[in-house]
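Asks: Listed here are the chains, written in short residue letters.
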Amino acid sequence: MSFLNVVEIESALIGLASSYPSVTQLITLPYFTVEGRQSHALRIGTGPCRRSAVLIISGAHAREWGGPDICINFAADLLEAYSLGTALIYGGTAYSAAEIKSIIERLDVIVFPDVNPDGRNYSQNTYPMWRKNRNPASSGGQASKIGVDPNRNYDFLWDFNAAFAPGAQAFGTLASSDPSSDIFHGIAAFSEAETKNVRYLFDQFPQISWFMDIHSFGGDILHSWGDDTNQSGSLSINFTNAAWNGQRGLPADAYGEYIGACDLANVAAAANAMKAAIAGVRGETYAVAQAFFLPSWGSPYPTSGASDDWTYSRFFTDPTKRKVRAYTLEFNTVKTFFPTWAEMQQIILDVDAGLVRFCLGAVPRFSLSYWLCWWRHRLNDAIWHRVFPPELWGPYGPWARIRRAVESILFPIVAPLLRLLGTGARRRSSGGSRRR
Amino acid sequence: MNDQNRSDDANQSQRSEAVPPDLYAARINGSPETFAKLRQEFELDVGCRGPHVEVNPDGSGTMLVFATEERIRELRAAGYRVELGENVSEIGRQRQKEIGEGDRFMGGRVKPRGFGEKRGRASERRSTS
Ligand SMILES: [Zn+2]
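Line by line, the protein sequences give chains A and B. Quick note on numbering: the first sequence equals residues 1 to 436 in the numbering used here. Quick note on numbering: the second sequence equals residues 1 to 129 in the numbering used here.
Excised from the complex, chain A in its bound form (with noise of 0.2 Å):
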C-alpha cells in the first residue's frame, strides 16, 4: 500500500463509476491543465429527486499529500457499505446502515480529489516541497517563477491591492502579485483550470450546499470568513461594498465581514460534529475555527482568493444560488506534509469518520419538493408502473402525450411564477438573518 499518483487518482474514479453503475456518475471536468491532464469528480447519489448535494475536493496544494486518498477511500468505502447494506465503521466511530443509505438516496455527494494535478506530480516525482500549480505563464522562463497557488485563484476579494488594507498584507498569508510567492494568485480570477473546474462543478451543480476543502497540515477545522474578522450587526458592511475598499484584512477595527448570526452558530455546529467523529476514531483533537483566524497566536491570518470564502460567498452576490456552508480541512496534527504511509491511514480513517458526519449533517431534514418527489416515484414503481402495461404510461403511450399537452399549455404560465415565488423565498429567509 502507498500514496496513490496521479494516474492512479483518476483510475480510481474510473474503477468506482464502472463498480456502482447506478449509484455514481463519473463527470469529465473540461478544462484540462498546462501539462495536458484531464481530471474527473464522482458523483455519488441515486434517485430521481433532486436534492442537496455536498462538494468535497481535495488536491489544490501539490505537496500536501493524503488529501486526494482520503477522498478516494471516503467514496470507495461509502458506495461498499452502501452496496452490501452493511454499517461503516472507523475506529471508535460507527455510522449505521440507515445512516449510510440516507447519505446515498437523499444527498449527491461530488468528490473531486485531484485538483492539481500537475503540482502534484512534480511533487511526487521531483521536487516534494512544491505548493502550486505548474502554470509558467507568468514566469517569463524561470523556474522560480512558474506557478499559481489556486486557492489564491478563486474570485473572492481577488484584487487583494484594492480591497485589503496595506497592514493585511503584512500578516504574510493574503496573497501576492509576485509569480516568483508561493502565494501568487495568478493573472486575473479563475484564470487557472484548476479553479474552473471547482467552478464547473458549481455551475453544473447548483444544489450543492455544502462545500470541503482538504488541506494539510494542522488539525483544524475553518469555517467562514477567511478575510476579516466576522459580524452579524450590519449587512451592509461586506466584501461587496467598494466603501470598504482598503480596509479588509485587519482584526480590531471597524470592518468585519457580515454573517448572519444563525448562520455561524450552523457552521460552527458543523464543524464540532466533524471533530468529535474524528475525536472517536482514535482520540485525535482537531480545531474548530474562524478561517481568518486559525488556531492562531497573537495575529490573524487574512487570505483573498480562496476557495472557501468564494464559495460561501456566492449566495451574497447572487441570491438565486444556493448558501454554501464552506469549510477548510487541515488535516494531520502532527506538523509535516509528508507522513509515512503507515501514519497516513490513520489519517485516513480520521478524516473519513468526520466527511460522513459531515455529509449526515447536510442530508436534508424535511423538504417538502423531495417528498413530494418521492412519493411521485414511489407510486409509480409500486402501483402505477405494476398494475397497468407500459403501453398505456410508457413514452409513447396515451398517459406521456396527455401530460406533454398540459405541460406545454401550464409551463409558460408556472415556471415564471414558480421562479418569482423561489427568489422570493431566498431573499425573505436572507433578509430574515440580516435582521437578528
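Hints listed in this document are in silico derivations from the structure and should not be mistaken for laboratory results. Here the structure is a predicted model, which means the values were calculated and not measured. We put the CB at the ideal spot given by N, CA and C, even for glycine. Hints are not guaranteed to be accurate.
Said to hold, decoys possible - Straight-line C-alpha distance at most 30 Å; calculated DSSO-like pairs for lysine-lysine:
no. : chain 1 : residue 1 : chain 2 : residue 2
1   : A       : 323       : A       : 101
2   : A       : 145       : A       : 335
3   : A       : 196       : A       : 145
4   : A       : 323       : A       : 196
5   : A       : 335       : B       : 97
6   : A       : 145       : B       : 97
7   : A       : 275       : A       : 101
8   : A       : 196       : B       : 111
9   : A       : 335       : B       : 37
10  : A       : 323       : A       : 275
11  : B       : 111       : B       : 97
12  : A       : 101       : A       : 321
13  : A       : 196       : A       : 321
14  : B       : 111       : A       : 101
15  : A       : 275       : A       : 321
16  : A       : 275       : A       : 335
17  : B       : 37        : A       : 145
Unchecked claim - A few chain B residues that don't get close to chain A, going by computed Cβ distances all over 12 Å:
no. : residue
18  : 57
19  : 72
20  : 73
21  : 74
22  : 76
23  : 77
24  : 78
25  : 79
26  : 80
27  : 81
Said to hold, decoys possible - Reference excerpt, derived from the structure (chain B facing chain A, CB under 10 Å, subset only):
no. : residue
28  : 89
29  : 95
30  : 100
31  : 103
32  : 106
Dock chain B with the ligand against the given chain A, drawing on the hints supplied.
Replies: For chain B with the ligand alone, kept in the frame of chain A given last:
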C-alpha cells in the same frame, strides 16, 4: 485549450526546469511582536494557510517556517533566534518511495476499496453461510 497550446506550455515548463533548493524546518522563537516584525521583513513559507505557533513554558512562542539555508542565515543575521531543524525536502524525497508505481486500479478495471470497516448485514450473512 488545444493540444498544440498544451504541449507548448508543457515544453516551456520543461525548458525552464531547475529544481529549487532544499527547504529546512526552521523554528523561530519570539513574542507576538517579534513575529509581527518578522513577517513584515521577510516573506516566509508558513505552510498551507498560516503558521502554527507552539507556546513555550516561559510564555514565548515557537513558529515553524520552511526556509532555505540561505534564508535561515539571513534571519539569524537580522537577529532572530532560529533553530535549524530537519531537511523537509529530503524527508519528502524519502517519502517519494511510498508513492504508488504504475496503476494499481488498471485504468478503472480494479475496484478501489476503502479502509473503513463494513460490518452488519453482509458480514453476518457471510459468517452464517
Ligand atoms: Zn493547502
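Asks: Does each hint fit the structure? Answer for all of them.
Replies: Each hint tested on the structure:
This hinted pair checks out: residue 323/A and residue 101/A have alpha carbons roughly 25 Å apart, not beyond 30 Å. Proximity of residue 145/A to residue 335/A is assessed by CA-CA distance (about 26 Å); at most 30 Å being required, the pair is judged to hold. Simply put, residue 196/A and residue 145/A have alpha-carbon atoms about 21 Å apart, close enough for the 30 Å limit, and the pair holds. Pair hint residue 323/A plus residue 196/A holds up; C-alpha atoms about 20 Å apart against a cutoff of 30 Å.
This hinted pair checks out: residue 335/A and residue 97/B have alpha carbons roughly 20 Å apart, not beyond 30 Å. For the proposed pair residue 145/A and residue 97/B, the alpha carbon gap of about 28 Å is at most 30 Å, so the pair holds. Note on residue 275/A and residue 101/A: the hinted pairing holds, with a Cα-Cα distance of about 22 Å set against a maximum of 30 Å. A C-alpha spacing of about 29 Å is found between residue 196/A and residue 111/B, which places the hinted pair at or below 30 Å, so the restraint holds.
Proposed proximity of residue 335/A and residue 37/B is supported: the alpha carbons are some 24 Å apart, at most 30 Å. Annotation: proposed proximity of residue 323/A to residue 275/A holds, straight-line Cα distance about 22 Å (limit 30 Å). A threshold of 30 Å between alpha carbons decides the hint, and for residue 111/B with residue 97/B the separation of about 24 Å falls inside it, so the pair holds. As the CA atoms of residue 101/A and residue 321/A are separated by approximately 28 Å, the hinted pair is consistent with the 30 Å bound.
Only pairs whose Cα atoms come within 30 Å are accepted, and residue 196/A paired with residue 321/A is accepted, the gap being roughly 18 Å. A threshold of 30 Å between alpha carbons decides the hint, and for residue 111/B with residue 101/A the separation of about 20 Å falls inside it, so the pair holds. Straight-line distance between C-alpha atoms of residue 275/A and residue 321/A comes to about 28 Å, which keeps the hinted pair within the 30 Å bound. Between residue 275/A and residue 335/A, the direct Cα distance comes to roughly 18 Å. Compliance with the 30 Å bound is thereby established for this hinted pair.
Between the alpha carbons of residue 37/B and residue 145/A the distance comes to roughly 26 Å, so the proposed pair stays at or under 30 Å and holds. Against chain A, the non-interface label of residue 57/B holds: every CB pair exceeds 12 Å, the least being about 14 Å. Interface exclusion of residue 72/B from chain A stands, the closest Cβ pair being 15 Å apart, more than 12 Å. No Cβ of chain A comes within 12 Å of the Cβ of residue 73/B; the nearest lies about 19 Å off, and the non-interface call holds.
At roughly 16 Å, the least C-beta separation between residue 74/B and chain A is larger than 12 Å, which holds for a residue marked as non-interface. Here residue 76/B stays apart from chain A, with its beta-carbon at least about 19 Å from theirs, past the 12 Å limit. With a least CB separation of 20 Å from chain A, residue 77/B remains clear of the 12 Å interface cut-off, as annotated. Against chain A, the non-interface label of residue 78/B holds: every CB pair exceeds 12 Å, the least being about 15 Å.
Even its closest Cβ contact with chain A, about 18 Å, leaves residue 79/B beyond 12 Å, as expected for a residue assigned away from the interface. The beta carbon of residue 80/B is kept farther than 12 Å from every beta carbon of chain A, the shortest such distance being approximately 15 Å. Residue placement check: residue 81/B keeps its beta carbon more than 12 Å from all beta carbons of chain A (closest about 16 Å). Taking 10 Å as the C-beta contact cut-off toward chain A, the hint placing residue 89/B at the interface holds, the least distance being around 5 Å.
Look at residue 95/B: its Cβ gets to within about 4 Å of chain A, closer than 10 Å, so that hint holds up. At about 5 Å, the closest approach between the beta carbon of residue 100/B and any beta carbon in chain A falls short of 10 Å, and the interface hint on this residue holds. The beta carbon of residue 103/B is positioned within 10 Å of a beta carbon in chain A (closest approach about 5 Å), and the interface hint is therefore held. A least Cβ separation of about 7 Å between residue 106/B and chain A falls short of the 10 Å threshold, and the interface hint therefore holds.
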